[in-house]
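Let chain A serve as the given structure and place chain G on it in line with the hints.
Protein sequence lines correspond, in order, to chains A and G.
With the first letter of the first sequence counted as 1, position 39 gets the number 436 in our numbering; the numbers rise by one all the way through.
With the first letter of the second sequence counted as 1, position 104 gets the number 119 in our numbering; the numbers rise by one all the way through.
Treat the hints as calculated values from the structure; they're not laboratory data.
Take the hints with a grain of salt, since some may be wrong.
When the alpha-carbon atoms are kept at most 25 Å apart in a straight line, the in silico SDA-like pairs for lysine to any residue are as follows [said to hold, decoys possible]:
1) 80(G) <-> 541(A)
2) 88(G) <-> 416(A)
3) 80(G) <-> 497(A)
4) 88(G) <-> 437(A)
5) 80(G) <-> 478(A)
6) 92(G) <-> 417(A)
7) 92(G) <-> 574(A)
8) 80(G) <-> 436(A)
9) 492(A) <-> 90(G)
10) 92(G) <-> 579(A)
11) 88(G) <-> 417(A)
12) 80(G) <-> 424(A)
13) 92(G) <-> 576(A)
14) 88(G) <-> 485(A)
15) 92(G) <-> 425(A)
16) 88(G) <-> 36(G)
17) 88(G) <-> 432(A)
18) 492(A) <-> 36(G)
19) 80(G) <-> 55(G)
20) 80(G) <-> 437(A)
21) 88(G) <-> 497(A)
22) 492(A) <-> 98(G)
23) 92(G) <-> 429(A)
24) 88(G) <-> 427(A)
25) 80(G) <-> 427(A)
26) 80(G) <-> 420(A)
27) 495(A) <-> 34(G)
28) 88(G) <-> 434(A)
29) 80(G) <-> 419(A)
30) 492(A) <-> 571(A)
31) 88(G) <-> 419(A)
32) 495(A) <-> 31(G)
Below are the chains, spelled out letter by letter.
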Amino acid sequence: MSSAMTPEAQPITAPHTSAHLEDRARTEQMGYWLYLMSDAILFVALFATYAVLHANSAGGPEASDIFEFSRTALNSALLLTSTLVLGFSGIGFAKGNKGAGFGWLAAAFALGALFVGLEVQEFAALVAQGASPQTSGFLSAYFALVATHGLHVTVGLIWMLTYVALLLYEGPTRRVLANGNRLAAFWHMIGIVWIGIYSVVYLPGILQ
Amino acid sequence: MSASHTSPTANPQSPTYTGYLTGYVLAAVLSVIPFGAVMLGGLSTHAVMVIIGLTALIQAAVQLKYFLHIDFKHSPKENLFALAFAVVLVVLMIGGSLWIVSDLNARMMPAMGANMEMPQEL
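One chain only, chain A, in its complex shape (with noise of 0.2 Å):
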C-alpha cells in the first residue's frame, strides 16, 4: 500500500514531474476533444432535422425568400477571420509576446461580436417580416440550427473575456495558455460548423 501512494504523492514536490504534467496534459486535450466531437455531433442532429424540413414552408416564407447573399458572405468572412486572427493570439503569446497576443486576441472578439450582432438584426428582421421560428417546419429548424451556431459564437466570445480576465490575473501560465489553446479549438470548430450552415442552409436556398 505504501509503496502505491508515495509515486502519487511524489508529483507534486518532486523536480522530475515534466512527464506526469505532460501525461495530465494530453488526458485533458482527449477529454476536450472529446466534448468538441460531442457537440458536432449536436450540430449533425439540427443539421439532419433542417435537411428533413427545409422544403416544408407551410405557405409561408421560403428560403429563397428571405436569403441575402451578401449578408451570408460577410458573416462567412467575418467568422474565418475571427479563426485565423484567433490562431495569431495563440502564437502570440507563446512566443512571450504579449502585444501581438493582446492585440489579435482584441481582433478575434471584435469580428467575432460583429457577426453576432449581424446574426441578431438578421434574425429580428426575419421574424418582423412574419418569418419566425413557428411559422413553419422550415423556419423552426432553421432558427434552430443557425441560433444553436450564434450561441456557441456568443459562450466563444464570452469565453474570450474569461481568457483575458485569466491572463491579467495569473499571466500566461502553462495552464492559462492551454486554456486559450482549448478556446482556439472551440472557435476553429464553430467555424467549421459555419462551412456546413452556408453550404447547407444559405447557399443551396438562395439558389432555389
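Chain G only, in chain A's frame:
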C-alpha cells in the same frame, strides 16, 4: 501513455503564422468558389450543388489540418478515433434521416393513387 515522455509537449507541432495563413488562403479560395458559382449562375442547379458540397468537404479538411492541427502522424490516435466516430455519426444521422424521409415521401406523395390502390394489393 508511457511513451508520452518522449514528446516535449502534448501537441508536438508548434503552430506558425505561415501555417495559419496558408489555411486561411486555402479556406478563402474554397469559400469564394461556391459563393461565386451561386452568384454568377450559368451552371445547372445540380452542378452548383455538387460544387458547394465538394468545396465544403475540402474546406472542412483544410481547417482541421491548418487550424485544429489534426495530423495523421502527430495527433494522438484516440483523438483520430473520436473524429472518425463523429464522421461515421454524421453520415449515419444525416444520410439516414434523408433516406428514411425521402423514402416516406416517395410512398406518400402520389397520395390519391396510392391510397386507392392499397386495398387492392392487400
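Holds or violated: residue 88(G) to residue 419(A), with C-alpha atoms at most 25 Å apart:
holds, 19 Å
Are the Cα atoms of residue 88(G) and residue 485(A) separated by 25 Å or less?
holds, 24 Å
Would you mind confirming whether the straight-line C-alpha gap from residue 80(G) to residue 55(G) stays at or under 25 Å?
violated, 30 Å
Is the straight-line distance between the alpha-carbon of residue 92(G) and that of residue 576(A) 25 Å or less?
holds, 22 Å
Given the hinted pair residue 495(A) and residue 31(G), is their Cα-Cα distance within 25 Å?
Within the cut-off at roughly 16 Å; holds.
Decide if the proposed pair is consistent with the structure: residue 80(G) and residue 497(A), CA atoms, cutoff 25 Å inclusive.
Holds - the C-alpha atoms of residue 497(A) and residue 80(G) are around 23 Å apart, at most 25 Å.
Proposed proximity, residue 425(A) with residue 92(G) (alpha carbon, max 25 Å):
holds, 15 Å
Given pair status - residue 420(A), residue 80(G), alpha carbons within 25 Å
Holds, at about 23 Å.
Between residue 92(G) and residue 579(A), does the CA-CA distance stay at or below 25 Å?
holds, 19 Å
Hey, residue 80(G) versus residue 427(A), does the alpha-carbon distance stay inside 25 Å?
holds, 17 Å
Keeping to a limit of 25 Å between CA atoms, is the pair of residue 92(G) and residue 417(A) held or broken?
Holds, at about 19 Å.
Is the straight-line distance between the alpha-carbon of residue 80(G) and that of residue 424(A) 25 Å or less?
holds, 21 Å
Of the numbered hints listed earlier, those contradicted by the structure are 1, 19, 21 and 22.
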